[in-house]
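A.B. asks: Residue-level listing of the chains:
Number of protein chains: 2
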Amino acid sequence: MKLYDSIGPNPKLVRMFAAEKGFTFSDTETVDIMAGANRQGPYLEKNPAGGMPAVEVDGAITAETIAICELIEETQPNPPLIGTNAAERAETRMWVRRVEWKIIQPLTDGFRNAEGSQLFESRMRIDNSVAPHFKAVAQDGFEWLDAQLDGRTTIVPGRFTLADVALYAIAEFGQSVGQPLNADLKNVAAWYEATAKHDSAQA
Amino acid sequence: MKLYDSIGPNPKLVRMFAAEKGFTFSDTETVDIMAGANRQGPYLEKNPAGGMPAVEVDGAITAETIAICELIEETQPNPPLIGTNAAERAETRMWVRRVEWKIIQPLTDGFRNAEGSQLFESRMRIDNSVAPHFKAVAQDGFEWLDAQLDGRTTIVPGRFTLADVALYAIAEFGQSVGQPLNADLKNVAAWYEATAKHDSAQA
Numbered sequence: 249m250k251l252y253d254s255i256g257p258n259p260k261l262v263r264m265f266a267a268e269k270g271f272t273f274s275d276t277e278t279v280d281i282m283a284g285a286n287r288q289g290p291y292l293e294k295n296p297a298g299g300m301p302a303v304e305v306d307g308a309i310t311a312e313t314i315a316i317c318e319l320i321e322e323t324q325p326n327p328p329l330i331g332t333n334a335a336e337r338a339e340t341r342m343w344v345r346r347v348e349w350k351i352i353q354p355l356t357d358g359f360r361n362a363e364g365s366q367l368f369e370s371r372m373r374i375d376n377s378v379a380p381h382f383k384a385v386a387q388d389g390f391e392w393l394d395a396q397l398d399g400r401t402t403i404v405p406g407r408f409t410l411a412d413v414a415l416y417a418i419a420e421f422g423q424s425v426g427q428p429l430n431a432d433l434k435n436v437a438a439w440y441e442a443t444a445k446h447d448s449a450q451a
Numbered sequence: 249m250k251l252y253d254s255i256g257p258n259p260k261l262v263r264m265f266a267a268e269k270g271f272t273f274s275d276t277e278t279v280d281i282m283a284g285a286n287r288q289g290p291y292l293e294k295n296p297a298g299g300m301p302a303v304e305v306d307g308a309i310t311a312e313t314i315a316i317c318e319l320i321e322e323t324q325p326n327p328p329l330i331g332t333n334a335a336e337r338a339e340t341r342m343w344v345r346r347v348e349w350k351i352i353q354p355l356t357d358g359f360r361n362a363e364g365s366q367l368f369e370s371r372m373r374i375d376n377s378v379a380p381h382f383k384a385v386a387q388d389g390f391e392w393l394d395a396q397l398d399g400r401t402t403i404v405p406g407r408f409t410l411a412d413v414a415l416y417a418i419a420e421f422g423q424s425v426g427q428p429l430n431a432d433l434k435n436v437a438a439w440y441e442a443t444a445k446h447d448s449a450q451a
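Here the protein sequences line up with chains C and F, keeping their order.
The opening residue of the first sequence carries number 249 in the numbering used here; numbering runs sequentially from there.
The opening residue of the second sequence carries number 249 in the numbering used here; numbering runs sequentially from there.
Worth double-checking, as some hints may not be accurate.
Claimed, not checked - Pairwise CB distance ranges (calculated):
no.	chain 1	residue 1	chain 2	residue 2	range
1	F	R373	C	P327	36 to 44 Å
2	F	D432	C	P290	24 to 32 Å
3	C	T401	F	A384	33 to 41 Å
4	C	N430	F	V425	31 to 39 Å
5	F	A308	C	S370	41 to 49 Å
6	C	A335	F	T276	17 to 25 Å
7	F	A437	C	G406	27 to 35 Å
8	C	A335	F	Q450	37 to 45 Å
9	F	E363	C	D275	27 to 35 Å
10	C	A283	F	T276	52 to 60 Å
Quick caveat, the hints were computed from the structure, so don't treat them as lab data.
By construction, the Cβ of each residue, glycine as well, lies at the ideal position given by its N, Cα and C atoms.
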């Protein structure tokens, strides 16, 4: 499995997931997203949505972070980060989507429409006036999550999963682009600290 | 598997997916979302995110549409609507996420922050001023998809999948809440017409 890699929280998510599983890509090609190499030429032909990262297996491209992580889990099931049976996988997928819709999407779009607008304005519809709404929605999501995390430091109860990896990658990114964690959210802070201790967090 | 059902495009998505597979829920309980029954009491205890629908198996709740559909596919693999092997599943999951991020999320949030704001203002942060941005982003997504669909009437090439079901449910809903399909997008129109012919589209 070849990885098309770049800077940014989405490639970080996939690298962290792979590292946590001890999964090694057979090859890695770095795409220069600051120069827009992902929005033209050979990469755009492979992934017409233009996002990063993507992986390639036997000539078939898989893009979109969570689809890639599902493929890695199917390729190398252990250690499980999604689940070992249908019930566990359903629980993980539910939590992944909760943190994506409530936090990852609005935080990302808050960045793209504000601090990231110069990079993204040639790539998608950008409107600086909507960024404060997105950022506030992401903070609402962290508040909701804080209440859920009472008494635990993993998003899925009792298991470190893809949900932790996905949220960690964007939460770490948020801190570097003006969307820090709210220090009043003690459970989220404890979750972040516990997740950051994984070696994979350096991937 | 018990279904917690309601009006709206998300329960429609799950019912359509189940119908297409010939999967029957053992029990169905209708939740009155207009009265806010999903944001309080026993339902909120089962699904603390409060969204609809959810399913219950042996006491375990799975919420979030795509997680539910994955669970149905694992429970009854045939006919496959995600895939019969890892490569097919990866391709379907990639396309599901493309249509979700580019169309389903912005169309939904466009509705919630405009026509749906009275229903949703007690449930989440609502700002009427951001709705035009969301609606325009959704239309950009349909334009992007139109170019991808050249020569085919299924979102994943050659297979009717969860991606078709997910987008159909929201596209149908959009037509009823002031976000109709753009008639200039001939490939999207042909895809919609082909999908609407499935008996499951009446679910």
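A.B. asks: Each of the hints needs a verdict: does it hold here or not?
C.D. replies: Results of checking the hints against the structure:
The given range of 36 to 44 Å is respected by F:R373 and C:P327, whose C-beta atoms sit roughly 37 Å from each other. Remark: the range hint 24 to 32 Å for F:D432 to C:P290 is upheld by a beta-carbon distance near 30 Å. Between C:T401 and F:A384 the CB atoms are about 40 Å apart, so this pair conforms to the stated range of 33 to 41 Å. Between C:N430 and F:V425 the C-beta distance comes to about 34 Å, which sits within the given range of 31 to 39 Å.
Restraint check, F:A308 to C:S370: a C-beta distance of roughly 46 Å satisfies the suggested window 41 to 49 Å. Judged by the Cβ atoms, the range 17 to 25 Å given for C:A335 and F:T276 holds: they are separated by roughly 21 Å. Between F:A437 and C:G406 the beta carbons are some 48 Å apart, a value that contradicts the proposed interval 27 to 35 Å. Checked against the hint of 37 to 45 Å, the pair C:A335 and F:Q450 fails, with Cβ atoms roughly 31 Å apart.
The hinted range of 27 to 35 Å is not satisfied by F:E363 and C:D275, whose Cβ atoms lie roughly 49 Å apart. Between C:A283 and F:T276 the C-beta distance comes to about 53 Å, which sits within the given range of 52 to 60 Å.
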